[in-house]
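Protein chains: 2
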Amino acid sequence: MNKIFDKLNPWLTKAYALGAALILFEWDNETEAPEAASELTARAIEVLSNEYYETIINRDVKKLLNQLSEEKNLTDKERAILKDLKKQYESMEPIPPEEYQSYQGLIARAPSIWAKAKAADDYNIFAPTLKEIINYQKKFIKYRLKAGKKKITPYDLLLDDYEEGFTTKELDVFFEKLKKEIVPLIQAVNAKKDKINKEYNYRDYPVELQKTFNRKLAEHVGFDFDRGVIKESVHPFTTNLHNKDVRITTAYREHNLESALFSTIHESGHALYEMHIADELTTTPAGTGTSMGMHEGQSRLFENNLGRSRAFWVPLFQNLKDTFPEQLADIDLDTFILGINKSSPSLIRTEADELTYSLHILIRYEIEKMIFEKDVDIDQLPKIWSKKYEEYLGVKPEKDSEGILQDIHWACGNFGYFPSYALGTAIAAQIYAHLKQVMPLDEHLKNGNFQPINDYLKDHIHRYGKTKTTNEILIDMMGEGFNSQYYIDYLKEKFEKLYNDL
Amino acid sequence: MNKIFDKLNPWLTKAYALGAALILFEWDNETEAPEAASELTARAIEVLSNEYYETIINRDVKKLLNQLSEEKNLTDKERAILKDLKKQYESMEPIPPEEYQSYQGLIARAPSIWAKAKAADDYNIFAPTLKEIINYQKKFIKYRLKAGKKKITPYDLLLDDYEEGFTTKELDVFFEKLKKEIVPLIQAVNAKKDKINKEYNYRDYPVELQKTFNRKLAEHVGFDFDRGVIKESVHPFTTNLHNKDVRITTAYREHNLESALFSTIHESGHALYEMHIADELTTTPAGTGTSMGMHEGQSRLFENNLGRSRAFWVPLFQNLKDTFPEQLADIDLDTFILGINKSSPSLIRTEADELTYSLHILIRYEIEKMIFEKDVDIDQLPKIWSKKYEEYLGVKPEKDSEGILQDIHWACGNFGYFPSYALGTAIAAQIYAHLKQVMPLDEHLKNGNFQPINDYLKDHIHRYGKTKTTNEILIDMMGEGFNSQYYIDYLKEKFEKLYNDL
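Quick mapping for you: the protein sequence lines, in order, are chains A and B.
Mapping of the first sequence onto this note's numbering: residues 1 to 502, in sequence order.
Mapping of the second sequence onto this note's numbering: residues 503 to 1004, in sequence order.
Watch out, some of these pointers could steer you wrong.
[What the hints assert, rightly or not] For lysine-lysine, the following DSSO-like pairs were computed, each having C-alpha atoms within a straight-line distance of at most 30 Å: (1) Lys733(B) with Lys231(A); (2) Lys63(A) with Lys718(B); (3) Lys509(B) with Lys62(A); (4) Lys62(A) with Lys516(B); (5) Lys63(A) with Lys192(A); (6) Lys697(B) with Lys823(B); (7) Lys14(A) with Lys589(B); (8) Lys671(B) with Lys589(B); (9) Lys211(A) with Lys718(B).
[Unchecked claim] In silico contact screen, one side only, chain B against chain A (beta carbon under 10 Å); selected entries: (10) Ala522; (11) Leu524; (12) Trp529; (13) Ala693.
In case anyone wonders, no lab produced these hints; they're calculated from the structure.
Glycine residues also receive a C-beta, built at the ideal position from the N, C-alpha and C atoms.
Work out the full structure, taking the sequences as your base and the hints as a guide.
Here is the structure:
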């Protein structure tokens, strides 16, 4: 261990401890804390957050980071930690603390204003807050660009916060290809969508029985309950304290069987990534998934490429029928597989099917670009939103809650975040293509044998944490960096076959 | 607000936040964290504990406390906070930090050694560790007595840590009276114990149904689920982040109906105390129950004095029968009331009935006194233990696990803690006598109307937190400080009547 790192370690350990506490408070808040607790508990969280911030951003740590930047013989782990901390510095330090604090106050209030606007179906309630958030973001971008060495565009700076190495240059190419190839496919598929009847999915599925099956489902794909917890929350998510404590939630809907099933598989994909981080990295800043996109690459791989395949359900479907013998009495495996792969353009991103999903992201990407690069009039966003939905998906929101107000992300200040969902979905298709090359994937799925799949993902992706970038991982694993063609090919092949056969 | 207090507040706020995090980690650890998590999570907890310690014990805070000691116009709240912090200083500061740290290390390891010894039924496995703990305690007592102003005995110093104002002088009188009056009563009752058949209690009570009923039971006595959570753990306990987040656990046994019932009522009594602390005190060091004994006074009041009365079960028993229609088909209310009041000397404290309970504490009290005042040979403790059980309760442990190894307390270094259980039980009887004076208590219980009971306890006991001592609360409420006669009278009246009628 490097000597300067020895001096940095107490700071890192303290940051880990405070970070773990904050994660636990968030988990508890979403899954267990009583209604009335939030206000007083928020005070504790605020103190711990400030403490965390000051543990990372302070003169002593800065000095150590500067010294470390001169060091040549750092290990991969040390280099990854240094890089992560420097990135945090570069994004936080140029911003005057008092402006950062009032922004934090705004961001703390904004989600409830957004929720109110959504409930009232009225964008105008949220628009002034959204403008404030965007103004802060633009100011912060200015500070950061001024302090930084690289010459990049404002939106590229935001993108870089979530997905290093993926700028508008790469994303424009990606989304243009998507538009060109997938929009016509969606139209073709849409013409035949009524040939698939999935009425069975909306029958009565008691939540307790769903819970039992979903637990088995998580276990089936490799979720290790010795190191993990599965629980309920309004919006499903994955969180972790370290690689031996990884937690997922599922939201159950009594009249929608699929909803919880694919949410559980999705979150299990995230969870496996975190469970497989190397012991020597966990609890350090390098001990988590390398990027949003690579994380989504794992969850989407499990949810869609594996989870919606026929082979995946071969060992599970009878068990599902046994859990719901009456509800699924007249449904066979083939009908079920058609059902879970039915594509139908819709308004809500989180409920979108595999084929149309990335078009929802495309729309958000184009709008975010307009906000940060063209100073679009924020009051015009609902109109722009509607027009794009009509153009790309052929559907038009009647209400703001089904349109521009559907996602919480902007209310949390998360701009530049959405593209990672589409990137991740494309990365998943690329990994899927590779897995089929290196192992008898369908055989393993049919046998319910996830061990070789998880071992491979662990060895080539998961264990590295942040010591490799997304592209480095892909190149080392398959000799090629990110390539969206795999995703296009996957969708075309799968959906053309599926719908041609109808 | 006092100006010096203004300077102290940031420290208190930070201590509150860190304390809340530590409480949440403990709750999570007991109720939810996955098996494999503990080692890595313990590292975070250790850092936060040290951070907490340094937030309270440091030069700046010490200086402020010294300044505050000179102040005359402090509010009750400020005085209580000052007193609590000074007490923490007086107990921690005289101990050399390196000795304190190695003691902490010992205490972290000891419970698992104790558990091993208990599982192996072999006191000799635990004895060396117990000796080490006692040696540290004796050393620490010496440091503290040397630094302190008061001339008190070593064991009195320990007692004072848990129960201010109750020294061996008071406790000797209390326990002697108990021995004289209760031991003969136990013998008389024991002779008739076979006349009560409570076989029904050990039938098959599915845990899920128990959970449903116990939740209702907690609600019945006033537990507010908007501010609270009920969950499962191996050993039941109550914890709280503040007065709007109070949590209890229950342990369910499929073949013992009573076990969970009275544990839920007991923990609800603790929880109500914490839920009723005044808003202006919660999140400060004065914002919790005033003492162990007063806390146990609430839980025991609910569990025994109220919870084992006939009136308590009048509005509940039919509901219990509806929950377990087959199991309780042949049981009526009177049989049930006899069953839950059956007394029978036994070996295990936590399973002891209301009449014999305090004798278990008496034995521990006498042994702790021998340890700290007479330097008894630690190897002889199992023999002494057995002799005392035989003498006071007429039963003799066959195994160490049923004897000296049954409780975890000593392995955690908690000496002087046990007496609070008996004191609390006596305080409960005193409060019970008072409640009967000031309100139609039985009427309220029969109507399932806990509002007036809880309002009274809140107004006269709970809301004050630590701004009054145990005795101050009793005197202000009923014009009389602690008086164990209420307890003796209660037991005699109740059990003589119960068993004379048989």
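Hints and how they fare:
1. Annotation: proposed proximity of Lys733(B) to Lys231(A) holds, straight-line Cα distance about 14 Å (limit 30 Å).
2. Restraint check for Lys63(A) and Lys718(B): the C-alpha separation of about 58 Å exceeds 30 Å, so the hint is violated.
3. Between Lys509(B) and Lys62(A) the CA atoms are separated by roughly 29 Å; this keeps the pair inside 30 Å, and the hint holds.
4. About 24 Å separates the Cα atoms of Lys62(A) and Lys516(B), which keeps this hinted pair within 30 Å; it holds.
5. Of the pairs offered as hints, the one joining Lys63(A) and Lys192(A) is violated, with about 63 Å between alpha carbons and a cut-off of 30 Å exceeded.
6. Pair hint Lys697(B) plus Lys823(B) holds up; C-alpha atoms about 23 Å apart against a cutoff of 30 Å.
7. Restraint check for Lys14(A) and Lys589(B): the C-alpha separation of about 28 Å stays at or below 30 Å, so the hint holds.
8. A C-alpha spacing of about 21 Å is found between Lys671(B) and Lys589(B), which places the hinted pair at or below 30 Å, so the restraint holds.
9. Proximity of Lys211(A) to Lys718(B) is assessed by CA-CA distance (about 23 Å); at most 30 Å being required, the pair is judged to hold.
10. The restraint placing Ala522(B) at the interface with chain A holds, with a minimum CB-CB distance near 4 Å, inside the 10 Å limit.
11. With a cut of 10 Å, the hint placing Leu524(B) at the interface with chain A holds, because the nearest CB-to-CB distance is about 8 Å.
12. A distance limit of 10 Å between C-beta atoms decides the matter here; for Trp529(B) the minimum to chain A is near 8 Å, and the interface restraint holds.
13. Among the interface hints, the one on Ala693(B) is violated; its C-beta lies about 48 Å from the nearest C-beta in chain A, farther than the 10 Å criterion.
Violation of the numbered hints given earlier is confined to hints 2, 5, 13; the remaining hints are satisfied by the structure.
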